[in-house]
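Put together the whole structure using the sequences plus the hints.
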Amino acid sequence: MDKVMIDLETDLKVMRECCRSGKTKELSWRRSQLKGLQTFLKENEVEIFRALRDDLGKHYVEAFRDEVGLIKKSLNLALKDLQKWMSSREAKLPIFALLSHAELVPEPLGLVLVISPWNFPLALSLEPLLGAIAAGNAVVLKPSELAPACSSLLFNTLPNYLDNETIKVIEGGPAVGEQLLFKKWDKIFFTGSARVGRIVMSAAAKHLTPVTLELGGKCPAVLDSLSWSWDKEVAVNRIIGAKYGSCAGQACVSVDYLLVEKAFSSAVVELMKVLIKKMYGDNPRESQSVGRIVNKRHFLRLKNLLTDKMVKDSIVYGGSMDEDSLFIEPTILVDPPRESTIMTEEIFGPLLPIITLDKIEDSIDFINARPKPLAIYAFTKNETFRRRMVSQTSSGAVVFNDAIIQYAADTIPFGGIGESGIGNYHGKFSFDTFSHYKAVARRSFLTDFWFRFPPWNNYKLELFETAYNYDYFGMLLIILGLKRSRRRFDRRVVKSVEWKRLENLRLTKADDSQLQIGINNGSSSSKYSNDYCLLGIVWKGKKIYREAMIKMLGNLWITKGELTAKEIGENKYFFSFSDKEDFDRIKAGRPCCFDRNLVVLKEFDMDSMEPKEVNFKHEELWIHVIGLPIKLMERETAKVIGNTTDWFITVDGDGGDLKGKYTRIRVLIDLTKPLKRGIMIHMDDGHIKWISFHYERLAKFCFRCGIHEQSCNQPCLDENGTEVQKQYGAFLIASQRRKAVEIKFEGHGQSQWKNSDVHS
Amino acid sequence: MAREVEKKAVFDTDSAKEVVKELRASFVAGKTKSYEWRVAQLKALLKMTEENEPQIAAALRDDLSKPELESYIYEIAMLKNSCRLALKEMKRWIMPEKAKTSLTTFPSSAEIVSEPLGVVLVISAWNYPFLLSLDPVVGAIAAGNAVVLKPSEIAPATASLLAKLVANYLDSSCIKVVEGAVSETSALLEKKWDKIFYTGNGRVARIVMAAAAKHLTPVVLELGGKSPVIVDSGINLQVSIVLILLHVCFLCDLHADILICVFQVATRRIIAGKWGCNNGQACISPDYIITTKDYAPKLLDSFKRELEQFYGKNPLESKDLSRIVNSNHFARLSKLLDEDKVSGKIVHGGERDKNNLKIAPTILLDVPLDSLIMNEEIFGPLLPIIMVDKVEDSFDVINSSGTKPLAAYLFTNKEKLKEKFVATVSAGGLVVNDTTVHLAEHTLPFGGVGDSGMGAYHGKFSFDAFSHKKAVLYRGFACDAFVRYPPYTRRKLRLLQALLGGSLLSIIRALLGWS
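First to last, the sequence lines map onto chains Z and C. Going by numbering that gives the first Met the number 0, the first sequence opens with residue 0, and the numbers climb by one from there. Going by numbering that gives the first Met the number 0, the second sequence opens with residue 0, and the numbers climb by one from there.
Calculated directly from the structure, the hints in this document are not laboratory data. Glycine included, every Cβ here is placed at the ideal spot set by N, Cα and C. Fair warning: there could be bad hints in the mix.
Chain C regions said to be covered by chain Z (calculated; three or more residues, Cβ under 8 angstroms) [to be verified]:
1) 129-142
2) 333-341
3) 364-378
4) 428-435
5) 459-473
Far from chain C by the CB rule (all over 10 angstroms, computed), these chain Z residues [to be verified]:
6) Glu61
7) Glu144
8) Asn163
9) Phe181
10) Ala234
11) Met278
12) Asp357
13) Glu464
14) Ser577
15) Pro590
16) Phe593
17) Leu631
18) Ile732
Set out below in structure tokens:
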């Protein structure tokens with residue numbers, strides 16, 4: 000055995016190489032192998048009939064009907080349709096994918112393992128084999144050792160007709176099977192019992208190998224009370240054929256038990272007796288037309304089912320058996336106890352329990368109370384009942400008014416669900432089972448949507464939305480600038496959401512390491528002596544949740560060094576920076592806004608000042624001076640204009656840089672006074688020009704009186720005591736600048752908070 | 000809320016059992032099978048997404064600091080799309096498919112009926128925590144299943160948001176979210192499901208499949224893999240630029256964006272797939288590049304230029320790049336970069352910020368094939384470039400690895416090379432001249448092969464993944480072929496031969512006894 004396994008190892012390597020070389024992918028290879036199979040069947044028909052008789056006592060007509068003939072039919076179909084199956088399938092694409100082209104290309108999986116059972120040793124070996132070949136795979140076939148004659152026929156004769164480099168037959172029992180399962184396959188196709196199916200799938204899991212499991216199950220037949228005698232006879236004939244005619248009931252698709260209405264049951268039993276006699280004669284044992292039980296173990300299993308005390312009494316027909324020739328007579332039982340083994344396990348032999356029900360509709364509940372079978376056979380002419388049967392039960396297949404025949408149909412998938420298996424095959428489905436449908440998309444370089452790429456903005460977002468909705472017209476409008484982006488998906492929205500979330504702040508581990516909100520409130524002032532300090536106040540705002548404030552500013556400032564925050568009064572904070580660079584940067588980056596509230600920041604000297612001394616009335620701002628003639632865009636003009644404000648500080652850029660849409664000046668403004676909206680200037684030529692001011696990062700202010708205030712609740716009055724109308728508006732807010740010139744974020748992410756005192 | 004927390008704390012086998020029991024009861028009652036239920040749930044899912052966009056984006060920012068736009072494009076919009084598609088097409092999907100029948104079973108008619116599988120489990124990943132959780136759920140609902148969703152614990156904000164939203168918007172007797180980590184997942188896996196849909200890595204996938212084997216549960220495994228990009232030296236970017244200019248100029252000359260962006264299409268498409276997809280933490284993002292020795296320097300230059308344009312001079316500060324999900328993954332990626340053989344090969348980027356879990360887009364040139372970075376899925380912003388003499392050699396590089404990636408990309412203008420690429424490279428999906436776009440096409444199945452997974456979804460394929468194709472065959476009582484029944488005779492054999500051969504003439508001949 001070891002030698003066999005070592006050989007196998009090298010064989011598998013060779014097979015993999017062959018796969019990789021692409022040999023098996025060729026249409027000519029697949030065709031020649033399928034033809035080889037055809038020749039094998041043709042030239043060895045007699046040997047096959049003999050082997051099937053030796054293993055299972057199958058009559059040659061039965062052998063032809065169930066095995067040789069079916070395979071021949073499948074081969075014909077595969078040879079005829081192979082080219083069609085192999086061709087790739089076009090996938091439709093929307094216009095959105097301009098100049099693209101997509102298709103589904105079937106490709107072989109690679110190296111596959113087929114494990115076949117003993118009950119149809121030839122059909123269940125060759126049917127998957129031909130599917131695997133048609134799909135272009137290298138195959139190892141392991142026929143069941145329980146049908147030794149067929150197994151050795153396949154082992155000795157089949158290789159003569161096929162390419163031995165890529166298709167191998169390996170003989171052996173469970174030990175060999177186990178060895179095979181250790182190897183890495185690209186697909187395992189298993190036909191057999193659910194118990195072994197579980198073992199196969201567990202083994203496949205180690206290599207992430209997909210599996211197709213063709214298992215069995217108790218397939219029920221439901222016989223409605225048919226009125227016409229012809230119908231009755233045909234139905235019963237078909238049930239008998241499906242039960243005793245296929246390998247003596249040892250088939251996964253054969254009828255396992257029969258459900259009939261109580262009133263109808265005696266008539267059915269009588270009819271059955273007659274028809275069984277007609278088919279198998281008075282002495283079925285002498286008849287060549289009924290198969291044998293495969294081996295002693297199975298014989299004894301069936302014998303035990305029958306000799307169960309409770310079951311024995313329910314036998315109404317047959318029941319005789321002969322251990323030497325492994326023969327069991329076609330047997331009918333009526334109403335064996337439902338909890339007996341015969342009604343809980345798959346019978347897999349020529350015993351037919353008939354269960355009587357009050358109403359035939361009860362059969363649906365009866366079936367649903369048990370594991371999902373491979374097939375349900377319903378003999379009925381009642382349309383409503385049919386529909387209910389299809390929609391309310393679950394099984395691999397539903398066949399009306401016949402049994403087993405679905406196995407011969409190539410156009411419907413054959414396979415189970417739940418306990419009866421995974422995956423399906425037959426006809427094109429066999430090809431699909433052994434293929435991977437590769438998605439192939441081809442694009443050209445010629446067209447591309449620029450909005451696919453970062454940096455992201457709302458405009459791109461809008462375009463994506465229209466594209467996803469296939470709204471081409473809308474897209475065009477947006478591109479042409481005729482439709483405005485209605486979405487506001489900017490950071491501010493998200494931040495405010497974050498802020499809401501913070502109300503039930505939940506510290507995760509990650510937060511914890513960065514945001515050490517300690518209880519260390521006894522820190523002495525000397526601790527900060529070397530630091531750079533700022534005092535901040537939320538200008539005339541509502542009370543702000545301090546944790547949110549601290550966290551948000553930490554996110555905003557992104558300091559290099561340590562940052563400490565302390566709340567020193569309502570909406571009043573003390574910040575100290577360990578790094579001068581941070582300090583300078585934050586100072587230069589003023590105004591600082593939080594949730595559209597202005598946070599006024601003031602430099603603070605720990606040694607000489609008291610917090611109360613600090614005057615928060617002023618804040619530095621950038622103003623855009625808009626409307627200056629190009630000629631006047633220079634530093635001197637900017638300074639002159641700046642001096643009309645409360646306190647001019649500096650001009651952004653120098654001579655050349657000022658020649659833009661506006662001039663930027665930094666000024667200190669008095670927060671208690673209304674915002675300046677602009678200035679009149681007298682030009683040299685005598686006429687007067689209005690120059691407007693726009694403010695960068697403007698916080699909330701009153702649209703009526705123009706004063707920085709959270710909200711003026713009282714009516715705003717002027718000097719004369721009359722109420723003012725809306726004089727100010729959002730036009731005072733400077734449009735977002737593309738580049739933030741004055742601030743360079745060089746820190747490493749979030750600030751390092753230390754000893755933040757959150758006690759008020 | 001408090002009760003929920005309590006429940007979560009003790010989520011074990013028993014609670015899993017309860018969950019499954021409840022869902023199975025709803026399924027058996029037939030609630031999920033009705034078309035109306037499916038439509039109502041999908042509409043609710045759509046509404047849930049539409050009404051909570053900012054919250055979803057915020058959760059994603061919390062978990063991965065994913066740029067809002069990326070969240071929108073790759074998660075929110077994709078999900079809305081698949082909801083809309085399912086709503087539009089579902090009626091057609093659930094129709095039984097008529098199948099032809101042959102002479103062998105004459106007279107008969109047949110159809111293939113899609114039926115729901117039952118109670119399914121969806122286990123999703125952290126990299127696209129929203130989309131990868133709900134996209135399979137859309138398929139499961141459309142197919143009429145009851146669903147348990149287990150979002151990834153590595154993206155906690157999204158997971159808890161999902162739990163909250165799903166409970167609020169969807170039918171909680173049929174669709175449930177179970178939050179939790181390994182122990183909760185194990186408890187769930189012990190139960191019997193009718194399908195398990197897992198997105199994640201190969202190691203856990205093996206555990207999932209082994210657990211599924213116990214109950215013979217079919218699985219769909221969406222895994223990853225090292226998805227290669229082959230860049231042919233012949234791609235003449237200049238030519239295409241002219242054409243694109245022609246193409247777009249008539250549309251508009253207002254947006255300078257267009258004019259800038261048409262440069263270096265190939266490079267841009269690679270960048271969009273690599274760093275634009277969650278900073279490389281996506282299962283289909285390019286893992287490494289194979290290009291010719293001559294072309295590598297040019298490619299590198301264009302990468303440098305475009306990267307700066309996208310993410311600025313200091314990409315660690317860029318708001319358009321996601322961060323690394325957690326410190327474990329950060330350490331793993333650092334290890335890949337710090338390997339001796341590899342650390343000297345960095346030609347661009349390499350900056351790391353441990354505190355904020357950020358890694359800048361990094362390109363490595365000529366990395367040895369036996370290095371760590373070339374032997375495991377990178378899943379991060381590192382992009383090694385492998386050099387070959389001839390571009391045809393790159394197929395060998397891919398195939399010799401022995402594993403099949405989830406996606407493979409090729410950039411070329413040569414028709415022959417494209418054909419060879421399609422014929423020789425095996426992967427879940429192939430894209431020529433672009434990256435990751437196949438994901439957005441619902442007419443293409445999305446799924447892996449071999450090590451990159453099994454089963455596929457998206458669009459109708461999602462529906463199919465959660466459906467059982469039941470074969471239904473209708474026969475009448477007329478025309479019963481007596482040859483099927485014993486006693487068997489030689490004449491019956493001949494007739495059977497003719498019947499299965501399917502030729503009418505030979506059937507008649509056999510009936511008349513002439514053959």
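Do the hints match the structure? See the list:
With a cut-off of 8 angstroms between beta carbons, the region 129-142 of chain C has 0 residues touching chain Z; three or more are needed, and the interface restraint is violated. Using a Cβ-Cβ cut-off of 8 angstroms, 0 residues of the region 333-341 of chain C lie near chain Z, which falls short of the minimum of three, so the contact claim is violated. Counting residues of the region 364-378 of chain C whose beta-carbon sits less than 8 angstroms from any beta-carbon of chain Z gives 0, not enough to reach three: the coverage restraint is violated. Counting residues of the region 428-435 of chain C whose beta-carbon sits less than 8 angstroms from any beta-carbon of chain Z gives 6, enough to reach three: the coverage restraint holds.
With 7 residues having a beta carbon nearer than 8 angstroms to a beta carbon of chain Z, the region 459-473 of chain C meets the requirement of three or more and the stated coverage holds. The claim that glutamate 61 of chain Z lies off the interface is violated: its Cβ sits roughly 6 angstroms from the closest Cβ of chain C, which falls inside the 10 angstroms cut-off. For glutamate 144 of chain Z, the requirement that its beta carbon stay farther than 10 angstroms from each beta carbon of chain C is met, with the minimum near 23 angstroms. Residue placement check: asparagine 163 of chain Z keeps its beta carbon more than 10 angstroms from all beta carbons of chain C (closest about 24 angstroms).
For phenylalanine 181 of chain Z, the shortest C-beta to C-beta distance to chain C comes to about 14 angstroms, beyond the 10 angstroms cut-off, and the non-interface label holds. Distance check for alanine 234 of chain Z against chain C: the nearest CB is about 7 angstroms away, which does not clear 10 angstroms, and the non-interface claim fails. Taking the minimum C-beta to C-beta distance to chain C, about 4 angstroms, the non-interface status of methionine 278 of chain Z is violated against the 10 angstroms cut. Distance check for aspartate 357 of chain Z against chain C: the nearest CB is about 22 angstroms away, which clears 10 angstroms, and the non-interface claim stands.
Annotated as non-interface, glutamate 464 of chain Z brings its C-beta within 10 angstroms of a C-beta of chain C; the closest such distance is 7 angstroms. Serine 577 of chain Z, annotated as away from the interface, keeps every beta carbon of chain C farther than 10 angstroms; the closest lies near 16 angstroms. The Cβ of proline 590 of chain Z sits about 21 angstroms from the closest Cβ of chain C, beyond the 10 angstroms cut-off, so the non-interface label holds. Residue placement check: phenylalanine 593 of chain Z keeps its beta carbon more than 10 angstroms from all beta carbons of chain C (closest about 17 angstroms).
With a cut of 10 angstroms on Cβ distances, leucine 631 of chain Z stays outside the contact zone with chain C, its closest approach being about 28 angstroms. Every Cβ of chain C is farther than 10 angstroms from the Cβ of isoleucine 732 of chain Z; the closest lies at roughly 21 angstroms, confirming the non-interface assignment.
Of the hints listed earlier, those the structure fails to meet are numbers 1, 2, 3, 6, 10, 11 and 13, in rising order.
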